[in-house]
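**Student:** All chains should be built: construct the whole structure from the sequences, respecting the hints.
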Amino acid sequence: MHGYQLRAAFEESIGGTWPLNIGQVYTTLSRLERDGLVRPLAKSEEGQRPYEITDAGRADLAAWFTTPIGRTDRPRDELAIKLALALTTPGVDVPAVVQAQRSATMRTLQEYTRLKARADQPADLAWRLVLDAMLFQAEAEVRWLDHCEASLVRYSPPPLRVPQAAQETATEASRR
Amino acid sequence: MSILELHDVHRVHGSGPTAVHALRGVSLTVEEGELVAVMGPSGSGKSTLLNLAGGLDRPTKGEVVVDGTVLGGCSRRALAALRRRRIGYVFQDLNLLAALTAAENVALPLELDGARLHQTRRAALAALAEVDLDGYGQRFPDELSGGQQQRVAIARALIGERRLVLADEPTGALDSQTGDAVLRLLRSKVDAGAAGVLVTHEARHAGWADRVVFLRDGVIVDTSGPLDQPDALLAPPGGGR
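Chains as they are written, first to last, in the numbering used here: chain A, 1 to 176; chain B, 1 to 241.
Derived EDC-like pairs (lysine to aspartate or glutamate); straight-line CA-CA distance at most 16 Å:
1) A:Lys-116 <-> B:Asp-210
2) A:Lys-82 <-> A:Asp-93
3) A:Lys-116 <-> B:Asp-180
4) B:Lys-61 <-> B:Asp-8
5) B:Lys-61 <-> B:Glu-5
6) A:Lys-116 <-> A:Asp-132
So, partial list: chain B residues that the calculated Cβ filter (under 8 Å) puts toward chain A:
7) Pro-41
8) Arg-204
9) Ala-209
10) Phe-214
11) Val-221
12) Asp-222
13) Gly-225
I should point out that these hints are in silico values taken from the structure, not numbers from a laboratory. What you are looking at is a predicted structure, and each value in this text was computed from that prediction instead of being measured. We treat Cβ as the ideally placed atom computed from N, Cα and C, and that holds for glycine.
**Tutor:** Following this line, the structure appears as structure tokens:
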């Protein structure tokens with residue numbers, strides 16, 4: 001397959017939830033070629049260069065499928081960090097932060113569900129499972145936010161322990 | 001056209017210092033073809049809201065209108081008739097009668113309403129077919145799986161000319177696949193011209209709704225939706241690739 005075919009095949013299986021830049025596809029192909037995982041074939045008449053997977057590439061792919069993805073390989077959770085900071089920053093309405101996020105995440109969930117309602121053919125299974133992954137993630141986030149809210153109700157903030165050196169900067173920031 | 005309207009509805013249980021304000025001034029309109037989910041922690045007033053909407057309870061203050069009828073102005077008898085004819089209920093505990101077959105359970109609201117037996121029977125079998133339970137009419141509830149029982153309950157809730165469907169955690173303890181099927185069914189019934197209110201604490205179920213209202217201590221604190229056209233979602237962020 002050449003680059004454009006690869007992109008089309010990829011997007012077909014995940015239903016356009018992750019649009020690929022063709023430049024990205026070619027950079028990835030050249031990296032794979034460098035590592036000996038794919039090899040270029042002769043150019044077609046239309047000037048497209050197809051690639052084929054090598055034995056090393058097949059082994060690598062098989063290993064990828066059989067190795068679970070570690071939690072630490074994923075980007076840090078900005079929302080968790082935001083809430084932690086909101087809780088320790090004076091003057092932030094934390095329940096409001098929680099509700100604003102819940103409402104936004106709920107909306108995302110509604111939108112995914114609507115897409116899912118339309119993907120009803122057996123042929124759509126791959127795409128439906130990708131949608132389900134996003135649905136379950138959004139659901140988990142809402143549940144976590146519910147949990148945060150319930151914890152906040154029982155929470156009384158301890159006196160602030162601000163390191164002496166940081167004290168001045170913090171007061172300055174809160175004045176702004 | 002709006003099927004359900006709540007106007008500044010209050011509900012106080014008890015009186016004096018021990019009075020509990022279950023709802024404090026809730027206003028909500030649900031249109032034909034619209035499914036609204038109500039989310040909130042226990043004690044936020046979700047079930048009270050549903051009971052008021054279904055005429056199972058009366059507000060302390062405010063007005064409930066179902067399909068053009070002001071419930072507060074109804075006699076007991078008129079209210080009971082409206083509940084039987086216009087409102088369908090799907091509750092967590094399904095309330096299927098164990099001594100009746102699936103078809104008899106589904107036909108019950110029509111029979112209570114005095115319809116002829118052969119009519120109710122035909123309507124019940126059609127309603128069961130609609131929820132993919134063709135040929136299950138003669139089975140008793142304990143001969144059906146949880147998901148099938150739930151679908152019987154939905155068929156019963158939707159039999160006849162029901163305009164308003166009220167569901168309280170309708171997926172109970174069903175697994176996620178079966179639960180999805182129940183919600184999909186509820187969604188399609190609403191799309192076909194009913195109005196629905198779904199009380200749930202499961203975000204993935206609320207995801208089927210057009211609007212989600214968040215209830216806290218008897219007050220609607222936020223609403224998510226209505227949604228954009230779904231195609232807008234598939235456009236890449238920023239508009240270009």
